[in-house]
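Undergrad: So the sequences go chain by chain: A and B.
Using numbering that gives the first Met the number 0, read the first sequence as starting at 0 and increasing by one per residue.
Using numbering that gives the first Met the number 0, read the second sequence as starting at 0 and increasing by one per residue.
Hints in this document: simulated from the structure, not taken from any laboratory.
Keep in mind the model is a prediction, meaning the values are calculated, not measured.
Here a beta-carbon is modelled for each residue, glycine too, at the ideal position from N, C-alpha and C.
There could be a bad hint or two in this list.
Anything over 12 Å on all C-beta distances counts as not near chain B; from chain A, calculated [said to hold, decoys possible]:
(1) Leu103
(2) Arg309
(3) Gly361
(4) Leu466
(5) Ala473
Covered by chain B, according to a simulated footprint, are these stretches of chain A (three or more residues, beta-carbon under 8 Å) [stated by the list, open to error]:
(6) 216-225
(7) 242-250
Coverage of chain B stretches by chain A, computed from C-beta distances (three or more under 8 Å per stretch; other residues unrestricted) [what the hints assert, rightly or not]:
(8) 26-35
(9) 247-257
(10) 377-388
(11) 391-399
(12) 459-470
2 protein chains.
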Amino acid sequence: MDPAEFRRHGHALVDWIAEYLAGSERYPVLPRVSPGDVRAALPADAPERGESFDAIFADFERVIVPALTHWNHPGFFAYFATSGSAPGVLAEFLAAALNQQAMLWRTSPAATELEEVSLAWLRRLLGLPDAFEGVIYDTASVSTLHGLAAAREAAIPGVREFGLPGRAGLGQVRVYCSEHAHSSVDKAVMLLGLGQRALMRIPADDRFRMRAGALRDAIAADRANGVTPIAVVATVGTTSMTSVDPVREVLDICRSESVWLHVDAAYAGPAAILPEFRAHFAGWEDADSIVVNPHKWLFTPVDLSAFYSRRMDMVRQTFSLVPEYLRTAEGSRGVRDLMDTGIQLGRRFRALKLWIILRHFGADGVRAVLSEHIRLARQFADRVDADPDFERLAPVPFSVVCFRARPRGFTGSSADLDELNARLLDGVNASGDVFLSHTRINGAFAIRLAIGHLRTTDAHVSRAWELLRAHAGAAATA
Amino acid sequence: MDPAEFRRHGHALVDWIAEYLAGSERYPVLPRVSPGDVRAALPADAPERGESFDAIFADFERVIVPALTHWNHPGFFAYFATSGSAPGVLAEFLAAALNQQAMLWRTSPAATELEEVSLAWLRRLLGLPDAFEGVIYDTASVSTLHGLAAAREAAIPGVREFGLPGRAGLGQVRVYCSEHAHSSVDKAVMLLGLGQRALMRIPADDRFRMRAGALRDAIAADRANGVTPIAVVATVGTTSMTSVDPVREVLDICRSESVWLHVDAAYAGPAAILPEFRAHFAGWEDADSIVVNPHKWLFTPVDLSAFYSRRMDMVRQTFSLVPEYLRTAEGSRGVRDLMDTGIQLGRRFRALKLWIILRHFGADGVRAVLSEHIRLARQFADRVDADPDFERLAPVPFSVVCFRARPRGFTGSSADLDELNARLLDGVNASGDVFLSHTRINGAFAIRLAIGHLRTTDAHVSRAWELLRAHAGAAATA
C-alpha cells in the first residue's frame, strides 16, 4: 500500500471512526446475529490474489459490523462497561505504526521509559507510595498470575529451579481469596501447578466482604495441618457486586503470617483517584502486589493492565532469564529491561495510550468522569429501591448495581423468580438500546447494571430503567 | 474529544503515519539517547488539568520519537525483523475504536468467528489439516506456555485440580527441547511449576538441529529412572541461527513414547506457505500443538501469535472455567467461547488485522514477499562467503544470516576475535542506517542479519554489507 493509498484509506477510516465513536447508538448494543453467520458469510480460503482495501472494507461493513457487540456504545451496561476513548484510539493507531517491541531498553527506550513514567503518574494518582514499581501486562488475569507466581517463589524458595515435584517435603499449599473473587485466581492457581483445590475461598459477610476472622482461622488450621500458605488475594470491587474486602485487616493477617498479599482492584482501582473513595482501599499501600486495569474504568482501549509490586525483585527472580541473543551493554549496566518482569517476551507499546489519556483528561477530568459514573449508579439504585416491583441485591460501592424484579404479589418459587428475571433480562437486551448482564447472589439470579462508558448519560440509564419496568410486567405474565 | 476534534487530529495522524511508514529511513534505526533521557524530559506527575492533543503530540515528537528504536525501518536487521504493514496499521486503528472483548461469543460474535475464519485461512496456507483448531494469543511465549500446560494436563491427569504438590507419587518430570530452543520454553516450564531443571536441552548436530537419537536416549534413560516425560518442543527456525529440528523424527519418538509434541515455528512458520519450503516442516502436520507468529514474518503489527492444536479439547480441559457472571445461553448450546482456551479472559480483536492482511496481500503476495526476503538473505550469505575477511557461522535456511569478520592474517585469540566482532557490530549500528544484533554460536560471538521488513530492498542489505566491510577494517586495527 503506497503512501497515497494509505492516506486515502486512512482519512476515510478517520471519518468512519469519528462517526462511530459519536454515533455508536445507531447500532443495537447486542448484535442480531446467530452463531455461524459470520463464518458462513466468508470464504473458506484466503484469496490467491490481493484485494483492494475498498473491497475489504465493504465486507467489513457488510459482515463484521452487524456482528459486533458494541462495547463502545453508551448503552453497554454489561460485565464491566468500558470506553475506548478517542485519544486512546488515536494512541493505538500511532502505536501500531511505530510497532515497538519493548522487551529490552534497547529495543525501545521510548516505550520502556514511558511505561515507567505513565505508571508512576497513575501510581501517584492512586495514592500508592514510590516503593511500588510498575509494569504493564495485557490483562488482569496475567497480572494476577504474575503476582501469584512471585508469591509462590517467595513461599517456596527455589521453585523456579527445582519445581513443585522437586520439593519432596513440600506437602499441600494454599492460596486464599473471598468466595466472590474472580475466576482468574482459580486459573492462575491451576496454571501455576498448585491445583484448583489449593485455592480456598473464604466465606463473605452479608455485605459480600471476605471475613477476616475466617481467613485467620483457615490459615491457622492449614498451618496446624502442615499446609503451606502462599498468598491471599483481596479484592476491591469484586466482579459480581463490586464488594470490597477489608484490605487492612487482611493485610494485618498476611503480615503476621508472612504471606503475600495480592490486591485485585482491576475494575475499582481508578476510584482510588477520588479522595472520598480512598478509604475503600486502605491497606493496599502495604500490599505485595496490586492490579488495576486502565482498560476497564480508565477510558483505555483493551488491552492494558497495570501491575504494581513492592517486591518487583521477587517478580524478577521468578521470571528473569537472559539468553545470549538478548544481552545488551545497557542491560549489563543495570538499565531496566521489561522482559525481566514477565512471561511475555513480546511487549507492545501500551504505555503510549495511558500517557496520552492521562494528559488528555488530566487528573480533574478523570475524577469528573468517575464521579459522574458513580452518581448515575446511585441514582439508578435509588430508582430500584423506590420501586415496589424491584429489589436491590447488594450495596453499591462504585458504579455497578445488582438487583432483580420482584413484582408485588409475586407468589412463585425462587426458581420462578430466577426464571422471570432471566426472561426480563433477555427482553431488555433484545431492545438493542442497552445490554445488561447477570450474576447470582446468594443463589438468586441477579441483573447487573454496570456504568463505565464515557458517553453514558442520564438518558441512557433512564432508558435502561424504562425498559426494565416495561419488560418486568411482560415477564411477570409470560 | 468531540467528533470535529477527533477528525482534525485523526487526519493529521494519518498524514504523519503515511510519512512515517514510507519515510522511516529518515530516522536512525537505533536512537541516540541515553538511559533516563525520556524520563528526565517528562514531569513526575500527570497534569491536573487536561491538555490539548496538539500539546501532547508536540511532546510525542519532541521526547518520544527521538527515543524510538525503529522496528518499522527497512534497515532493521536485528532479532527477527518485522513489519507493521499499512493495512495492519489501519486494522489496529479500527480494532481500537471497536474495542471488542472476545471472551465470549456473545461479547463479540464478529471477533470470535473472524478469529476462526482467519486462523483457518492461515492454517490452509500453511498446509496444516483441518484437525488443527486455532486460537490467537498475544505472544509466542504465551502460545508455548499453553501448549506445555495442555501437555502437563495430558501427562499428569488431574493436575489442574490436585496440582503438582498433590501428586505424591509423581516424582520428577521432564520437558525436552534442543539446546538452541528459545528461552520461552524455560520460562513456561518455570511458570508451570515444573522447575527449570525439568527442561532437558538435547544436543544439536553440526547444523544446529536437535539430535533425534540423543532425544530417544534421554527419554529412555528418564523412563528407566522413573522420570515422567511431559513434552518435546521441536523448533523450525531457532532464534539464534534459524536451524530446523528434524520434526518427523522427533514426532516418531513422541508417538512411540506418547509424549506431547509442540512445534515452535514462531518465526519461520510463514515459510510453510512457500511450497518449496514445506519440506522443512515435514511432520508438524501430526504435532499436538504449533505456534506461528504473524507479528514476526507476516507483516502484522505486534501482537498476534497463532496457536494451533489437534488437541484443543485438552487445552480446554486445562483452562475452561465458567463462573456464573460469564454464563450465556449460546455457551450452554455449544457455541465456542474463546476464553475457554486460555489463561487470559480479556481478548482484543486481533483477528481483524490478520484477516485484512491476508486479503490485502493474497496468498501470492505473501509468497512474493517471503521469497524476496529469502533471496536477499542468500545473496548476503554469498557476499559473506566470497569475502576472505568474513566467515559464515551457520546455514541459512530462511532469512537470517549468522557470520563474523575474521580478517585475513588475524592471529589473535578467540576472545580477541569476539571482541573485534562486538566492536564491529557497535560501529555498524552507530551509523543509524542499520541495526543488527548478535548471538553466540559454538561459543563464538556471531553477528546476525535478519531480513523481514516489507520495504527492505537490495539497497538496504548492500548498505549493511558496505558498513560491515568498512568497519571491519577499523575494528581490526582498534
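Undergrad: Taking the hints in turn, state whether each one holds.
TA: Hints versus structure:
| no. | hint | result |
| --- | --- | --- |
| 1 | Leu103 | 9 Å, violated |
| 2 | Arg309 | 19 Å, holds |
| 3 | Gly361 | 4 Å, violated |
| 4 | Leu466 | 18 Å, holds |
| 5 | Ala473 | 18 Å, holds |
| 6 | 216-225 | violated (count 0) |
| 7 | 242-250 | violated (count 0) |
| 8 | 26-35 | holds (count 5) |
| 9 | 247-257 | violated (count 0) |
| 10 | 377-388 | violated (count 0) |
| 11 | 391-399 | violated (count 0) |
| 12 | 459-470 | violated (count 0) |
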